[in-house]
Amino acid sequence: EPEVTQTPSHQVTQMGQEVILRCVPISNHLYFYWYRQILGQKVEFLVSFYNNEISEKSEIFDDQFSVERPDGSNFTLKIRSTKLEDSAMYFCASSVTPGGGYTFGSGTRLTVV
Amino acid sequence: DAKTTQPPSMDCAEGRAANLPCNHSTISGNEYVYWYRQIHSQGPQYIIHGLKNNETNEMASLIITEDRKSSTLILPHATLRDTAVYYCIVRVGIQGAQKLVFGQGTRLTINP
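Which chain is which? The protein sequence lines are A and B, in order.
Here the numbering used here is used: the first residue of the first sequence is 1, the next is one more, and so on.
Here the numbering used here is used: the first residue of the second sequence is 114, the next is one more, and so on.
Just so you know, these hints were derived from the structure itself, not from any lab.
Here the structure is a predicted model, which is why all the values come from computation and not from measurement.
Every clue listed holds true.
Label pairs and their in silico Cβ distance ranges:
#, chain 1, residue 1, chain 2, residue 2, range
1, A, Gly16, B, Leu164, 46 to 54 Å
2, A, Gln64, B, Asp180, 39 to 47 Å
3, A, Ile20, B, Ala130, 42 to 50 Å
Quick look at which bits of chain A chain B covers, simulated, 3 or more residues with Cβ under 8 Å:
#, region
4, 37-46
5, 89-95
Don't be surprised by glycine CBs; every beta carbon is placed ideally from N, CA and C.
Input sequences plus hints: build the corresponding full structure.
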C-alpha cells in the first residue's frame with residue numbers, strides 16, 4: 001500500500017536553529033498538509049497546500065514557518081528559528097482529492113533544546 | 114466545521130463488535146462525517162467517511178442517523194490491534210484542501 005514517507009523520524013535541534021522536515025507524499029496525490037501534535041495534546045492543523053500554493057494556514061503557522069514543494073516529489077516544512085514550544089510530532093499528509101481520506105506519514109519528532 | 118462530541122473512553126472485548134458513537138448535532142447539509150484513528154503516537158489513519166448513507170469498507174462500517182445528528186463507527190470483530198484513539202470529524206468534503214479539526218476522540222481499549 002502506498003505510504004507517505006517522512007524524514008527524519010527524530011530530530012533534535014537547539015533553540016534558534018532552522019530545521020527542515022521532509023515529506024514524500026503519495027505520487028498521484030495533489031493535496032498536501034502539515035499537522036503537529038504536542039505531547040499529550042490534540043492533533044493540530046498547520047497548513048494545506050495545493051497547486052503550488054498555500055490553501056489555508058492556521059494561527060500557529062506564523063512567519064517562522066514555510067512550506068515548499070521544491071520538485072515533483074518532496075514537500076517540506078521549514079521552521080526558521082525554532083522555539084522550545086515547537087517541540088512536537090509533525091505529521092505530513094496527502095490526499096488525491098479534497099474530499100477523500102488523507103494518508104498521514106508516521107511523523108517526525110522534533111525536540112528543541 | 115461542526116463540533117463533534119465523543120465519549121472519552123470505551124472498552125470492548127476482543128472478538129466483539131466495537132460501537133463508537135459520535136454526536137454532531139450542528140452538522141450542515143454539505144458536511145461529511147470522517148473517522149480516523151491514532152495508534153499510540155503514529156500518524157492518524159483514515160478509516161471511513163460518509164455523507165448520509167451508511168458506508169462499509171474493509172475496516173469498518175459507518176451508520177449515520179437519518180437526521181445526520183449522530184453516527185456510529187462499528188468495528189465488527191475487534192482485535193487487540195484496534196486499541197487506539199478514534200476521532201470523529203465533520204468537514205466540508207469538496208472545495209479545496211479542507212483541513213481536519215481533531216478533538217480529543219475516544220480512547221478505545223480492546224481487552225483480551
